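A.B. asks: Here are the chains, one letter per residue:
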Amino acid sequence: MSILLNVNDLHTSFHTQDGEVKAVKGVSFHLDKGETLGIVGESGSGKSVTSLSILRLLPPAGQIMSGDINLNDINLVEANRSMLREVRGGKVAMIFQDPMSSLNPLIPVGKQVEEMISIHEKHSKNDLKRMVLDLFEKVQIPDAAKRYKSYPHEFSGGMRQRVMIAMALACKPSVLIADEPTTALDVTIQDQILKLLRSLQDEMQMSIIFISHNLGVVAEICSRVMVMYGGMVMEYASINDIFAYPRHPYTMGLLKSIPKIDQDRSVALQSIPGSPPDMTNPPGGCPFHPRCQYARKICSMEVPPVAAVSDEHGSRCWLLKEDAPENNNPFYKAGSTK
Amino acid sequence: MSDINLISVNNLVKHFPVPGRHNARVHAVDDVSFSIKRGETLGLVGESGCGKSTVAKSIVRMHKPTSGSIFFGEQDIAQLKERELNAYRKKMQMVFQDPYSSLNPRMTVLKLIAEPLIAQGVVTNAKQAKDLIIEILQKVGLSAEHTFRYPHEFSGGQRQRISLARALIIKPEFIVCDEPISALDVSIQAQVINLLQEFKYERSLTYLFIAHDLSMVRYVSDHVGVMYLGRMMEICDSEQIYKTPLHPYTLGLHAAIPIPDPVAAMSKKQSAIEGDIPSPISPPQGCRFHTRCTQCMNICRSEEPELKDVGNNHLVACHLFDN
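So the sequences go chain by chain: A and B. Counting from 1, one number per residue, gives the positions in the first sequence under my numbering. Counting from 1, one number per residue, gives the positions in the second sequence under my numbering.
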């Protein structure tokens, strides 16, 4: 498959009163045509900042310090305003967690979707309306003609998210960035939205970057995952490998801390001790070392390099180095063979 | 555990007026009955707007029920006056969903945790309770050095520990946990759940645990109740709700849970629930779920099914199990 989006060694910082906060520290990944890449992480892991950097939508205090972001042959880090205008919504679209605050409460939803199309393409009024009604049908908003004139507050959360998806898909983007699109929704509605995204992806052949903290949701929709922590990619792999052969203590901890539906009730859940790092004062070395049960001396001193487990599977952990000691090492002799 | 009911809710109804619409009422909870045995955990699940939080708030009497009775031990507290309630306030506490808005940002941890003690007249000021507070802080995994800090200095998980300490300080018998982990990071959720479980066994606490995450609810609860639009649809042992769910709504909820296992996720074929939850101002006639039910029959549109025991203390409100 061909690479559509390539992010290389991205560093993004925020300039605050307390000095520079490094939110993203050297993130690299690529997105193929038609695939769904999951980005998993806790609050403050840098997953949203990464996606905002791609669209250059960082708040004023945020700045891309270095790195490359290439969409086909467009360099998004260097792109000027008019190029960005073409990319945003046209080639790369985004949907957010809270559809209520992303919609204008004073304008009928149909008009808001129309606005999105007319920014990128010239159409007559009637054509625009017809296109919006088609889109509403595509995202399965019932009674589209009537709903066209409704205001956001007349919609339920799930329907609002459908409007956001309609808006995002209006110009047939090649990449859709979905930042926790189902977190604010009920499980039943979440399931509906995930199904919708999957069927639209097949139909439109677009690539999706799906950001979530919920491993269950990621398992349902993604083909590849990268796990972020403290502004870095800790592990990346195909969806099956992440669940079956996690090769990073953080990923392992995350997987163990969610109860399975048939979990033995008499056994306590395994949790990761401690709290996520304070990004204004991050720990030295590997960002996960203060919470890692396998941490050794080197982990607090130096950031581990990415060790390749297989072609499409890498993990940033000292324990995977060839000369890593045997005791207290879950990956000993298991690192390269699987 | 014992066989005595600590909480017994009978035919609880809570309607709210709709501002600007004279005769309209939000049917938040309609005729809900259940009981919780001492030392047990009842989990309540359902979509937003199903009335699970209203049930919880009615039990701790943050709401006054429209009708019905709520027995706490021997006493019906549903219609008690504020002054009479004071004795019961000591016995029941609540932990809220959002640890960012449930802690006063201008109070230190010491004052926050001392508040229930002062309100109950156990002490007259926070300093007197310092030893007690340090002890409880250590129990929830914090330490004495945290006593003079403010909520903004803590992470979400630590704040929820403070909320828990505040609920536990007056040694309640019953704690309502209203989505206590949904605002927390995944790696922190298990920490808080384990803490809740520890206290349950150590102090033989009784919990009402509300959440929308069915697998977490099953893990912490002895019994699980499924609510929909103000009604109890199914209530049974927490193993049964997972192994032999009966109500089509419960089945739909099951199908909607994302499975954290890509192989199983691929083979998932059960169809989940279509459409949105109807308005609780004018709930559907007959069975409230019939508008979204895949197995809807004629009788479902006209007659509301009763919650009946179908064996093994498995209660379900569905016409499919009528005979």
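Errors might be hidden in some of the hints.
[Said to hold, decoys possible] Beta-carbon label-pair distances, calculated as ranges: (1) E137(A) with M297(B): 25 to 35 Å; (2) G20(B) with D127(A): 16 to 26 Å; (3) K146(A) with Q75(B): 45 to 55 Å; (4) D98(B) with K146(A): 48 to 58 Å.
[What the hints assert, rightly or not] If you want the ones that stay clear, here's a sample from chain B, every Cβ over 12 Å from chain A, calculated: (5) D3; (6) F16; (7) A24; (8) V45; (9) Q75; (10) S182; (11) L214; (12) R218; (13) I259; (14) G275.
[Claimed, not checked] Simulated pairs of lysine-lysine, BS3-like, Cα-Cα distance not exceeding 30 Å: (15) K256(A) with K127(B); (16) K195(A) with K127(B); (17) K260(A) with K139(B); (18) K22(A) with K91(A); (19) K256(A) with K297(A); (20) K81(B) with K139(B); (21) K200(B) with K260(A).
No lab work stands behind these hints, which were simulated from the structure alone. Note that the structure is a prediction, hence the values are computed from the model and not measured. Glycine included, C-beta positions come from ideal geometry on N, C-alpha and C.
A.B. asks: Each hint needs a verdict: does it hold in this structure or not?
C.D. replies: Hint check results:
no., hint, result
1, E137(A) with M297(B): 25 to 35 Å, "holds (30 Å)"
2, G20(B) with D127(A): 16 to 26 Å, "violated (40 Å)"
3, K146(A) with Q75(B): 45 to 55 Å, "holds (52 Å)"
4, D98(B) with K146(A): 48 to 58 Å, "violated (35 Å)"
5, D3, "holds (20 Å)"
6, F16, "holds (19 Å)"
7, A24, "holds (17 Å)"
8, V45, "violated (9 Å)"
9, Q75, "holds (32 Å)"
10, S182, "violated (10 Å)"
11, L214, "violated (7 Å)"
12, R218, "violated (7 Å)"
13, I259, "violated (6 Å)"
14, G275, "violated (8 Å)"
15, K256(A) with K127(B), "violated (41 Å)"
16, K195(A) with K127(B), "violated (56 Å)"
17, K260(A) with K139(B), "holds (27 Å)"
18, K22(A) with K91(A), "holds (28 Å)"
19, K256(A) with K297(A), "holds (25 Å)"
20, K81(B) with K139(B), "violated (34 Å)"
21, K200(B) with K260(A), "holds (21 Å)"
Hints 2, 4, 8, 10, 11, 12, 13, 14, 15, 16, 20 from the earlier list are contradicted by this structure; the remaining hints agree with it.
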